[in-house]
Each structure stands twice: as C-alpha cells, then as structure tokens.
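> Sequence:
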Amino acid sequence: MVKNIILVTVMLLFTKQLSAEDELTINVGVAVFKPYSSIDPNTGQCVGRGFDVTRQLLERYNIKIKTSCAAPARIYRSLSSGTVDLSLNIKSTLAVQDKVTFTTIPFDALILNFYTNADKSNGNNKIASIRGYDYNGSRDRLIQQGFEFVDVSNVEDAIRLFANKRTHYLLSYAGPFKGYIENEKSQQKLLILTNAITELLLTIPTHFAISKASPHHDALVNVFKELDKAAIEQKYHVDAFK
0 MVKNIILVTV MLLFTKQLSA EDELTINVGV AVFKPYSSID PNTGQCVGRG FDVTRQLLER
60 YNIKIKTSCA APARIYRSLS SGTVDLSLNI KSTLAVQDKV TFTTIPFDAL ILNFYTNADK
120 SNGNNKIASI RGYDYNGSRD RLIQQGFEFV DVSNVEDAIR LFANKRTHYL LSYAGPFKGY
180 IENEKSQQKL LILTNAITEL LLTIPTHFAI SKASPHHDAL VNVFKELDKA AIEQKYHVDA
240 FK
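Numbering (numbering that gives the first Met the number 0), first residue to last: 0 to 241.
Read the hints as simulated data drawn from the structure, not as lab findings.
Treat the hints with caution; some may be incorrect.
Claimed, not checked - Cross-link-like lysine to aspartate or glutamate pairs, in silico, EDC-like; alpha carbons within 20 Å at most: (1) Lys-119 <-> Glu-147; (2) Lys-33 <-> Glu-181; (3) Lys-33 <-> Glu-155; (4) Lys-211 <-> Glu-225.
Assemble the whole structure, with the sequences as input and the hints as a guide.
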C-alpha cells in the first residue's frame with residue numbers, strides 16, 4: 000500500500016517561524032481525488048489528506064490555506080491563471096507543463112492500475128478515464144494498442160461507467176478506486192468492482208505544484224526549498240513501494 004509522506008512532525012523542527020506581519024493566505028486547489036481531496040457532503044467544504052498535510056507543513060511559516068477542489072481541467076486552468084497558488088500533481092501532466100514549479104521531494108506516490116471486467120461476455124475495447132489525464136503516458140500507449148477512451152470529468156464518474164458496464168476497462172489510480180468501493184451501496188456494482196482483474200501499470204511520484212502565475216510563487220518556492228533540504232538532510236524518502 001502506498002504510504003503518504005507524513006514527515007510533518009519531524010520536518011517542522013527544521014522550519015523557521017515567520018513574524019506575524021509576514022502571514023499570508025494561499026489557495027490550495029486539488030482535483031477531487033480520494034483520499035487526498037473530496038467534498039464533505041455535510042459542509043460542502045473541501046477536505047482530505049492532501050489539505051491536512053499541506054496545512055501542517057505551512058502553518059509554522061505563518062501560511063494559512065484556503066481549500067478548493069474541482070474537476071482536474073478546472074484545477075489546471077486555475078493553476079495557469081494563478082487563481083490556485085498550490086496543488087498536487089505528477090510531473091508528467093501535460094496540462095500544467097511550464098505552468099508550475101514542482102517541489103523536489105515527492106509528497107506521495109500513486110499506484111496506477113488497469114482494471115478489466117471479469118465478465119467477458121459483453122467485452123468491448125472501451126476504457127473509462129478522466130478527461131485531461133495523460134496517466135504518465137499510459138493513455139497514448141493504450142490508444143496505440145487499439146483501445147478507445149471514454150473520458151469523463153472526474154474519477155468517480157469514470158469508475159461508475161465501468162461499474163455500470165458502459166466500458167469493459169478502467170484506467171484509475173488505486174486510492175480513489177478503493178474509496179469508491181468502500182462507499183458503494185449497490186451489490187451488483189460491488190460485485191463487478193471487487194471481481195475486476197487488476198493489472199499494476201505504474202507507481203508514480205506526486206509533488207507539490209506551485210503556480211508560476213501566483214503572486215506568492217517565489218515565497219512558496221523558498222519555503223519548499225527549506226522543507227526539501229530538511230527532508231534530504233534527514234535522509235527521508237518516499238516509502239511507496241512496500
């Protein structure tokens with residue numbers, strides 16, 4: 000199982016306290032992607048591990064965060080315009096190339112799986128996927144193999160397409176897939192999802208992405224350089240392959 004890099008307690012010992020007048024508030028936007036980001040059904044607020052860790056890392060720098068979560072394409076546009084100051088992403092995402100500065104130390108690592116419906120009677124070559132996701136080059140490779148992608152706006156809709164047998168295949172990261180199963184009430188859909196044939200394709204590091212259009216870009220770059228240095232000096236690493 001992928002382990003989130005919870006270096007907060009130790010790493011904060013190496014951070015410097017800024018004075019009160021240097022306090023700032025940034026907008027952290029993450030695509031809806033459990034367990035990192037989701038919308039609380041009761042409050043409508045964006046919550047998740049990605050926000051929790053970010054808040055803990057930055058609070059000693061007197062940096063507060065506002066949270067936002069949306070479809071990936073919208074987050075990408077917000078990063079490009081500077082509306083979102085900070086996000087989480089993988090370095091190969093085409094939509095943010097040259098639009099962000101990535102941190103050196105990974106935040107976590109994502110497991111990318113290729114799911115196949117175990118029932119071959121209604122097989123087709125369609126793959127449920129998220130619009131705008133390149134999946135670290137996996138999309139192009141699968142297209143070259145003759146697969147057809149059915150793109151939707153978010154991961155839950157993609158999994159739902161697969162569970163409803165609209166597609167025979169699903170390209171998804173393991174975390175959201177597991178989260179969907181834990182909250183699915185339909186026994187018929189659960190049967191399809193839990194019996195799906197799973198093929199591990201990649202384990203991909205994810206990093207903090209700082210918008211180059213953000214007015215706080217340089218300040219955030221300096222903060223994360225300190226955090227990166229602290230992590231390197233303490234010989235921390237991504238414990239993602241166990």
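> Now look at each hint and say whether the structure bears it out.
We went through each hint and held it up to the structure:
no., hint, result
1, Lys-119 <-> Glu-147, "holds, 17 Å"
2, Lys-33 <-> Glu-181, "holds, 11 Å"
3, Lys-33 <-> Glu-155, "holds, 9 Å"
4, Lys-211 <-> Glu-225, "holds, 19 Å"
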